[in-house]
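2 protein chains.
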Amino acid sequence: MTTDPPRVLTIYDVAERAGVSIASVSRVLNGHRSRPDTQDRVMSAVRELGFVPSGAARALSGQLKEVAAVVFRRAADSPDGVFSDEDESLMFAEVLNRGIEAGARARGFDLLMSSVDVYDHSPQGRIGSLAGKSDGLILHDKVLSAVGVARVARRIPVVTLAGTATEESVNVRSDNAFGMRELTSHLVNGHGYQTLAYLAGHVDSPDNVARTEALELVAADAGAEVWTGEIWRGNYLASGGAAVISRILERALPLPNAIVCANDQTAIGVMFTLAQHGIRVPEDVAVTGFDDIPVARHLHSQLTTVRQPIKKLGATAFDALYALITGAPRPEQDIVLPTELVVRGSCGCPFEPAGPVLPS
Amino acid sequence: MTTDPPRVLTIYDVAERAGVSIASVSRVLNGHRSRPDTQDRVMSAVRELGFVPSGAARALSGQLKEVAAVVFRRAADSPDGVFSDEDESLMFAEVLNRGIEAGARARGFDLLMSSVDVYDHSPQGRIGSLAGKSDGLILHDKVLSAVGVARVARRIPVVTLAGTATEESVNVRSDNAFGMRELTSHLVNGHGYQTLAYLAGHVDSPDNVARTEALELVAADAGAEVWTGEIWRGNYLASGGAAVISRILERALPLPNAIVCANDQTAIGVMFTLAQHGIRVPEDVAVTGFDDIPVARHLHSQLTTVRQPIKKLGATAFDALYALITGAPRPEQDIVLPTELVVRGSCGCPFEPAGPVLPS
DNA sequence: CTGAAAGCGCTTACAG
DNA sequence: CTGAAAGCGCTTACAG
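Sequence order for the protein chains is Z and C.
Following my numbering, the numbering of the first sequence begins with 1 at its first residue and continues without gaps.
Following my numbering, the numbering of the second sequence begins with 1001 at its first residue and continues without gaps.
What the hints contain is simulated information worked out from the structure, not anything from laboratory work.
A partial selection of chain Z residues facing chain C, derived with a Cβ cut-off under 10 Å: (1) Ala56; (2) Met113; (3) Ser114; (4) Arg126; (5) Ser129.
Think of the CB as a built atom: it goes at the ideal place given N, C-alpha and C, for glycine as much as any other residue.
Let the hints inform the model, and build the full structure from the sequences given.
Next comes the structure, spelled out in structure tokens:
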């Protein structure tokens, strides 16, 4: 019946109300052994007061913050019209984050999300600050160099996605080589295509390297040509894929039998630009993707691609981080999840949509 | 040249290395007055050591955590096929979050993102924990009841989005009434439609209430009928819109001249289901949305809708929260941003796409 | 099982 | 402008 002061509550208030010491309150709150009636009194006091412990104080006393920081790159709004809100479509990174979220939720962790601009070449500051606010870091592809990762990983647990494992950090990726081998084999052996162009992602990303190599290997085996090089260089974005095709067509360069895109997003740009020029997929040229992002099945024509278990990749990354944080048995340094070829229409296979697709 | 122990660095290490007291280190780090040479020595030590201050300790000493928590609802995967990864498309909430992020970035804040399941009716626990880890909360629509908001807002700064302002919290919303009046007037006065159905969102959400009222008012003025009621009740999701239309058609109930959807996402489901049944938009029935989410312009037919400044809404919410946190002059309790009618083809207007749209 | 007390790593009056 | 010291709100050996 007394009006409590609007001051923020501490464990002392709870202790006073429950008639016990702050140590007991702390123990009950953390589920340590204590007499049932002590528990009751503390819990009642907590409930009546609406007490919420200070995360900062817990963390300072050596407890976990129960926060994992996730860092990813976000494209600045690109200037060119059509794909200018490319970053506003749900792509790979977003699905990945949902997977991480699912993993985090299961452990009662919250996620500190931090995007760094594509053009920010020294996100060290941001990442340092995140390290101070979290128990561990999950870094998407291309956020930090291997050296940068190694440095940060010495201070705080780090898991990279589609990166490279270091001495101290764990990497989670999917089996790019397997997926690309299956896809390439389908194209050259299944369809008999003789010329494949590889529309690359960031040339130095491990994913991109692995995909190129697998493609070239299988194609060489089957005696098919692979076109690569400067002009076929994209950036994992739809706008990049569109730009490459525009350039090719402008210069009236020949098209291959199939354009193998580094990822689905690139394929979206490619198919769009081809359509603009009246070039039909797959009749005039086959196009394939990589990832199987949700929109892939709503495209025209429906995209043949390699499915990565995107959400699972995210959840696995969190689990690995959690193991690192809690000092559980160290997870493998390089965790590889399986991929799967998904044949739809854009490779030239007859394809009947399994169900209705979104109106478009 | 000595190997430092792998122990985590503190301000004491920096002080020792710089040959000053920890107080001086703290001052330099926080940009307070100090002699240039003190600054230099401290900064050098910080750099050489790679020191990152403990967020927990700063927070415990009464400093800001520089973290804002954002809570939003996320639909659990719905069981029905077509829209089952509805939550995997970039919709309203995601764009809103990007706006919040932009605002936060400008102030050096990080965002603790936390989604609560649609069916979680007591997210108190999660929200309590977030309150302990952040300087303030931004709550999306329908996360907490007004009473719940009021309670939390007594402990920590709170800004709600599309909610209701309380004594302690600030609300940010857009001008639903204005937008809906414009839209309705366009339909009844511009097109002369006599019957409008309102496909509702969550019946008790303030947005939904405001939209219904505005619609009914303008329609009544023009002598047009508005159909509402149980059968026209949706849930802001595409699957909800689809379900309503399916039911209507199953029972062979009549269609109105125009279906005014509570939001764009609902309209997507509506247009999809109409198309399935061979009913043409806008020839057989006009359809409109609300929000102008990015995909709205890629739909067939292109959606006439009311544009909310979604990103700006998010950024404004953060700014209001920041004002609350820093004790700046208190922002208005109810901040209202303008809306704008966007006429495209789905209302029956002749409409020539301004530019190319995504292939589909 | 419980309480008194030290300690986590910072910030900030308070003297100087 | 600088340093010694108190204090932020918890957790956890250490005694009892």
